[in-house]
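Chains L and G are the protein sequences, given in the same order. Sequential numbering from 11 applies to the first sequence in the numbering used here. Sequential numbering from 12 applies to the second sequence in the numbering used here.
The set of hints was computed from the structure by calculation and includes no laboratory data. All residues carry an ideal CB built from backbone N, CA and C; glycine is no exception. Check before you lean on any hint, since a few could be wrong.
No more than 25 Å apart at the CA atoms, straight line, and that leaves these computed lysine-lysine pairs for BS3-like [as the list claims (entries may be wrong)]: (1) G:Lys-27 - G:Lys-124; (2) G:Lys-112 - L:Lys-74; (3) G:Lys-14 - G:Lys-120; (4) G:Lys-120 - G:Lys-49; (5) L:Lys-51 - G:Lys-14; (6) L:Lys-74 - L:Lys-30; (7) G:Lys-120 - G:Lys-27; (8) G:Lys-112 - G:Lys-49; (9) G:Lys-49 - L:Lys-51; (10) G:Lys-112 - L:Lys-65; (11) G:Lys-112 - G:Lys-81; (12) G:Lys-112 - L:Lys-51; (13) G:Lys-112 - G:Lys-14; (14) L:Lys-24 - L:Lys-76; (15) G:Lys-49 - G:Lys-27; (16) G:Lys-124 - G:Lys-49; (17) L:Lys-76 - G:Lys-112; (18) L:Lys-30 - L:Lys-65; (19) G:Lys-124 - L:Lys-51; (20) G:Lys-14 - G:Lys-49; (21) L:Lys-51 - G:Lys-120; (22) L:Lys-76 - L:Lys-65; (23) L:Lys-51 - L:Lys-76; (24) L:Lys-76 - L:Lys-30.
Covered stretches of chain G, going by a simulated chain L footprint (3 or more residues, C-beta under 8 Å) [what the hints assert, rightly or not]: (25) 49-60; (26) 105-115.
Derived DEER-like restraints, expressed as beta-carbon distance ranges [to be verified]: (27) L:Lys-24 - G:Ser-53: 22 to 28 Å; (28) G:Val-57 - L:Asn-80: 24 to 30 Å; (29) L:Asn-80 - G:Asn-78: 39 to 45 Å.
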Amino acid sequence: GAVVSQHPSWVICKSGTSVKIECRSLDFQATTMFWYRQFPKQSLMLMATSNEGSKATYEQGVEKDKFLINHASLTLSTLTVTSAHPEDSSFYICSALADRGHNYGYTFGSGTRLTVV
Amino acid sequence: AQKVTQAQTEISVVEKEDVTLDCVYETRDTTYYLFWYKQPPSGELVFLIRRNSFDEQNEISGRYSWNFQKSTSSFNFTITASQVVDSAVYFCALSEYNFNKFYFGSGTKLNVKP
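Construct the entire structure; sequences and hints are all you get.
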């Protein structure tokens, strides 16, 4: 139980285009989802907290107009990287707050590796 | 402020050796949760364990064991008889009692050589 599905697992896009990443909770409802970014050989950095039906809360230094987050339902949150540039290339991973299952707490998606060329 | 420190950036061992990954945390909360995750080269985060601040019992799961010491604010992870498949980056993390924030350590890369 408490599975989070993240798609796509990898994407290559041209500079200037937008990319949407989906994070779905498959067998539970997630009122809160989190988006992280991970640079190579570094830890995960929280970008924003996504709350169903309300605006996301962004961490300091994260451009909300650049990284659009939508959490329109209890099972889906999306992160759109707008007008992507090569410096946006990174590993993005979402997590959802699960209230059941042995790993009560955060359940992570499998991540999306974004390469902007 | 909450903080998780994993002082070991990278560790290399030979298969069958035991290895301990250190984790030290800081928090002002009396109720909090500690986690360990494994991140293989493929990138996904694999949950290993969650421990709440009121449960200081050590835990053993197969070759894995965890030592939680509130007195030293440490939550160390030991792999016994390491295997090549254990090679990965391991993250220690701290969560506030209401899971509003989740703090990751910088990770320890474990290389297990045959």
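We went through each hint and held it up to the structure:
With a C-alpha separation of about 9 Å, the suggested pairing of G:Lys-27 with G:Lys-124 holds against the 25 Å cut-off. Distance check on the hinted pair: G:Lys-112 and L:Lys-74 sit about 19 Å apart at the alpha-carbon level, within 25 Å; holds. A threshold of 25 Å between alpha carbons decides the hint, and for G:Lys-14 with G:Lys-120 the separation of about 19 Å falls inside it, so the pair holds. As the CA atoms of G:Lys-120 and G:Lys-49 are separated by approximately 10 Å, the hinted pair is consistent with the 25 Å bound.
With a CA separation close to 19 Å, the supplied pair L:Lys-51 and G:Lys-14 stays within the 25 Å bound. Between L:Lys-74 and L:Lys-30 the alpha-carbon distance is near 14 Å, which keeps this suggested pair within the 25 Å criterion. For the hint pairing G:Lys-120 with G:Lys-27, the CA-to-CA distance comes to about 17 Å; that is within 25 Å, so the pair holds. At most 25 Å may separate the alpha-carbon atoms for a hinted pair to count; G:Lys-112 and G:Lys-49 meet this at roughly 19 Å.
Under the criterion of a C-alpha separation no larger than 25 Å, the hint pairing G:Lys-49 with L:Lys-51 is consistent with the structure, at around 14 Å. Of the supplied pair hints, the one linking G:Lys-112 and L:Lys-65 holds, its CA atoms being roughly 17 Å apart against a limit of 25 Å. Of the supplied pair hints, the one linking G:Lys-112 and G:Lys-81 holds, its CA atoms being roughly 20 Å apart against a limit of 25 Å. Distance restraint check for G:Lys-112 and L:Lys-51: the Cα-Cα separation of roughly 22 Å lies within the 25 Å cut-off, and the hinted pair is therefore satisfied.
Pair hint G:Lys-112 plus G:Lys-14 holds up; C-alpha atoms about 11 Å apart against a cutoff of 25 Å. Proposed proximity of L:Lys-24 and L:Lys-76 is supported: the alpha carbons are some 16 Å apart, at most 25 Å. Between G:Lys-49 and G:Lys-27 the CA atoms are separated by roughly 19 Å; this keeps the pair inside 25 Å, and the hint holds. Proposed proximity of G:Lys-124 and G:Lys-49 is supported: the alpha carbons are some 17 Å apart, at most 25 Å.
Restraint check for L:Lys-76 and G:Lys-112: the C-alpha separation of about 22 Å stays at or below 25 Å, so the hint holds. Of the supplied pair hints, the one linking L:Lys-30 and L:Lys-65 holds, its CA atoms being roughly 17 Å apart against a limit of 25 Å. Between the alpha carbons of G:Lys-124 and L:Lys-51 the distance comes to roughly 20 Å, so the proposed pair stays at or under 25 Å and holds. Taken as a hint, the G:Lys-14 and G:Lys-49 pair is honoured in the structure, with Cα atoms around 19 Å apart against an allowance of 25 Å.
Pair hint L:Lys-51 plus G:Lys-120 holds up; C-alpha atoms about 9 Å apart against a cutoff of 25 Å. Simply put, L:Lys-76 and L:Lys-65 have alpha-carbon atoms about 14 Å apart, close enough for the 25 Å limit, and the pair holds. The straight-line distance between the Cα atoms of L:Lys-51 and L:Lys-76 is roughly 24 Å, inside the 25 Å bound, and the hint therefore holds. At roughly 12 Å between alpha-carbon atoms, L:Lys-76 and L:Lys-30 fall within 25 Å of each other, so this suggested pair holds.
For the segment 49-60 of chain G, the stated coverage by chain L is satisfied: 5 residues place a CB nearer than 8 Å to a CB of that chain, which reaches the threshold of 3. Given as covered by chain L, the segment 105-115 of chain G passes the check, having 6 residues with a CB less than 8 Å from a CB of that chain where 3 are the minimum. Separated by about 25 Å at the C-beta atoms, L:Lys-24 and G:Ser-53 satisfy the suggested range of 22 to 28 Å. A hinted range of 24 to 30 Å for the beta carbons of G:Val-57 and L:Asn-80 is consistent with their spacing of about 28 Å.
Distance hint for L:Asn-80 and G:Asn-78: a CB-CB separation of about 42 Å, consistent with the stated range 39 to 45 Å.
Hint compliance for this structure: every hint is met.
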